[in-house]
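A.B. asks: Based on the sequences and whatever the hints tell you, model everything.
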Amino acid sequence: MGLVIYYKSADTLNFYSFLLNCFCLSYSFDFRSFRLVQTMIFAIEEINRNQNLLPNLTLGYRILDDCSSSTIATKAALALVNGMEESFSFNNCSNSPKIPALVGGGGSSESIAVARTIGLFKIPLISYFSTCACLSNRKEYPAFYRTIPSDYYQSKLLAQLVKTFEWTWIGVIRSNNDYGNFGMQSFIEAVEKLGICIAFSESFSRTDPREKIERIVEVIKRSTTKVVVAFSATGEMRLLFREVVRQNVTGIQWIGSEAWVTAELLSPDESNRFLTGTMGPAIQRTAVVGLRDFLMKVHPQKFPGNALVKEFWETTFSCTLSSAKTTKEPNDLSPYQQCTGNENLNEIHNAYSDIITDGSSYNVYKAVYAFAHAVHNMLACEYGKGPFTNKTCANVSIFEPWQVNLRHYMQSVNFTTNTGDKVYFDSNGDPVAKYDLINWQSNTQGFPRIVTVGYYDASTPPGKELMLNIRKLEWNGGNNKIPRAVCAESCLPGTRKVHRKRQPICCFDCTECADGEVSNTTDALDCIKCPLEYWTNQRKDKCIQKEIEFLSFEEMLGIVLVTIGLVGIGVTLTTTVIFYQHRDTPIVKANNSELSFLLLFALTLCFLCSLTFIGEPSMWSCKLRRVSFGIAFVLCISCILGKTILVLMAFKATLPNNNMMKWFGPTQQRLSVFLLTLIQSLICALWLTFSPPSPVKNIKYYRDIIILECDVGSITAFYCVSTYIGLLSAVCFILAFLARNLPDHFNEAKCITFSMLIFCTVWMAFIPAYVSSPGRYTVAVEVFAILASSFGLLLCIFVPKCRIILLKPENNTRQYIMSKDPSKKENMLYGTGNVTKKHLLEKYNVVSCILKNHFQLDNKASKNIYSTETR
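Counting in our numbering, the sequence shown runs from 1 upward without gaps.
A few of these clues could be false.
[As the list claims (entries may be wrong)] Listed next, the in silico SDA-like pairs over lysine to any residue satisfying Cα-Cα at most 25 Å (straight line): (1) K472 x D354; (2) K139 x K163; (3) K472 x S442; (4) K434 x I470; (5) K122 x F425; (6) K700 x L525; (7) K212 x N181; (8) K697 x E616; (9) K156 x V423; (10) K226 x I198; (11) K623 x V560; (12) K623 x L675; (13) K464 x V423; (14) K221 x S442; (15) K297 x I41; (16) K542 x D704; (17) K501 x D523; (18) K221 x T250; (19) K434 x D704; (20) K697 x R670; (21) K226 x K297; (22) K623 x K481; (23) K122 x N377; (24) K156 x E616; (25) K212 x S223; (26) K464 x T389; (27) K226 x K481; (28) K302 x E594; (29) K122 x T389; (30) K122 x L532; (31) K163 x N428; (32) K226 x F447; (33) K623 x M764; (34) K156 x A458; (35) K472 x I356; (36) K808 x E594; (37) K156 x P483; (38) K391 x M378.
Honestly, the hints are just simulated from the structure, not real lab data.
C.D. replies: What follows is the structure, given as structure tokens:
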């Protein structure tokens, strides 16, 4: 469409002319395009009546149909620029263009062709319907302006809309032209950044064979997604939906671009069945005051020679305006009756009368006014204040575009329409992007209606551009539930996505996080490893603190061990009391009462030290348990070793006056126990000083349990303490084993041998049990070994004596121990069989030596015994 500027004159009607010498292949009359033409005429007439805008100029117009063809649009533009000539050559470059600006074209491809052509003349082109983002390129299209937003913003809006409904698996269809290709390219780039995948992508044009459209519909039917985004022009979508109806493809959620989302593509019944739920951006709908009345006044009598009005009238009312007779002849082949001229446009409901649903009329209205304001500002320029070199103004005496530089004034246009809407262009010639979001819904009569459910404003802060009322939406089939469009269902927390090979990133499987790893978000790509002291819960969506395990006083195992330890302490104290009460009896004295009481004290410490291994390890308990264990058992073994050496040396001293026993008297026994225990105490002191035991959290044995245990600190010190105990135990066992066959009543060697055998066996069995026991059972095994070895020493050494003291007090006499009865003494010393007097004397000397050591017998008593026994 071209706008022509004329000075006002009386013959203004000659300015308004339609040029209809176009040969368009159209199957039906385009009511919306005709409405846009009438809207432009309405705006021009309104401007001409406005005394404040272009008061000394009258606007005229020339209109050519581009037939939605780039070729025809280029010819039409050249015809307008060159004074209705359809060809162009450099020979007529000297001729002045007849018009200062063009309004159009209808589609992006047509505008691209026209903008490139008239760019040679620097004539501004103002489009009301071309949305291709490519037209914002100022280097290629320096004189292009538009009143409709760029597809760059529409693509962002559609991508954001898809993301809002959590659709990640969608199909896309586009028209195979600049509008569809550039628009879909921007859309795909936007959705891929949001992690949305394309299930299929198809393109077609109106000139494609029907088989291709049939194939595209088959692709839609077979696809696993039911959400399809269509970036296409109205004509292409009309062809596509006819095939959709033919193949009866329902259940598709259509998301459309502004080019077709408000257009009438199917009949009301078909639209209600196949298009209900369709949504997409639409040009903001603004009611232009007086426009509807102007549209309703169009009549063939008002434009008698206008073929376009004639075709509109005949198509609208299904009649003919030909000069044929009013009554139809029998041989008349015309399908329509004669128009009466009394038909009323107010009774029709089609795209021509629908100025509320479609906002394209308002874009045409703004385009005409933008041009008018640019010319008005150019004419209002004052010399000396102009925007050009030396502050000059444009030469308006002749309308040479390269002289008047109308583009400068177009770029600086800034005005407010009668509806209160501000109109201005950015540096790329684009307006502020604003859209209404519309949704096709069914009314109470079952017919489709378009409902506004939100809006988009690119001028608002990031993140707030889109406002959507989801509750007002109606989806395909009349459902209120948002349809699902995913290649794979979301992976719940506790799982992670594993992409399928050779498929888009939206197609994946969900696998559970490994032990010790969690994912607390939906569709997590990786699982997060828990910190060392944390473990996963059952759902593996949260790290929880690991269970801390130690041998507690509250648990059954701890209670049992504590009970056994207390029983051991009780038995030891009871034995001590028994021995103390019978400390003057021969059985107590014969077993070296001082070492016996010290041994009972050491055993009490052994039972007590077992209790330090139970409970939560702390710094003091870790130190105490190791030190008390090492010293208590060394004290215990030292006492037993002293008793063993005493028995062995006593029985080896075969002569009554032998002085060997003086080297191991009571003082030497006390000193030996003290020195042996002191060595262990020094080792423990060094251990505590340089690298003491300390509590540690062991996470090696279990993945979900922290074992709270005591670290030994210095391994060397630990081995020294353990080795020292083992060395003393081995020496004690060997010595007791050597003395095991000496006379029974005076010989503890057998009891010591058996007790040390139990002691060594327990601790030898402890090593593999300790290594193989997990968690708190490791400590339990060690406590059990302490208790078992302590009970072995206590029972084997002291129970036989307590049996005599309590159950056989008649044997707890000096006579019994010294065996006054010859037969008993002989039995005691030799058992049965023949013995010589020499052997009897030797054995008696041994007994006499022990008695002297134990009972402190004087020499006289020994001689009396000797004389009595040898008679």
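A.B. asks: For K391 and M378, compute the direct alpha-carbon distance and say whether it is at most 25 Å.
C.D. replies: Cα-Cα ~13 Å, so holds.
A.B. asks: Hint check: K163 vs N428, CA-CA at most 25 Å. Holds or violated?
C.D. replies: Violated - the C-alpha atoms of N428 and K163 are around 28 Å apart, more than 25 Å.
A.B. asks: For the pair supplied as a hint, K434 and I470, is the alpha-carbon distance within the 25 Å limit?
C.D. replies: 19 Å, holds
A.B. asks: Does A458 sit within 25 Å of K156, going by the straight-line distance between their CA atoms?
C.D. replies: 10 Å, holds
A.B. asks: Between K697 and E616, does the CA-CA distance stay at or below 25 Å?
C.D. replies: 11 Å, holds
A.B. asks: Under the criterion that the straight-line Cα-Cα distance not exceed 25 Å, is the pair K212, S223 satisfied?
C.D. replies: 17 Å, holds
A.B. asks: Would you check the hint for K221 and T250, treating anything up to 25 Å between C-alpha atoms as holding?
C.D. replies: With a Cα-Cα distance of about 9 Å, the restraint between K221 and T250 holds, given a limit of 25 Å.
A.B. asks: What's the verdict on K472 and S442, does the C-alpha distance respect the 25 Å limit or exceed it?
C.D. replies: OK: K472 and S442 at ~12 Å, within 25 Å.
A.B. asks: For the pair supplied as a hint, K623 and L675, is the alpha-carbon distance within the 25 Å limit?
C.D. replies: 22 Å, holds
A.B. asks: Quickly compare the C-alpha distance for K464 and V423 to 25 Å and report which way the hint goes.
C.D. replies: At roughly 22 Å apart (the allowed maximum being 25 Å), V423 and K464 satisfy the hint.
A.B. asks: Are K221 and S442 close enough, with their CA atoms no more than 25 Å apart?
C.D. replies: 24 Å, holds
A.B. asks: Quick one, are K156 and V423 close enough, alpha carbons at most 25 Å?
C.D. replies: Since the Cα atoms of K156 and V423 sit roughly 22 Å apart, the hinted pair holds (cutoff 25 Å).
Violated hints for the displayed structure, listed by number in ascending order: 2, 6, 19, 20, 21, 22, 24, 26, 28, 30, 31.
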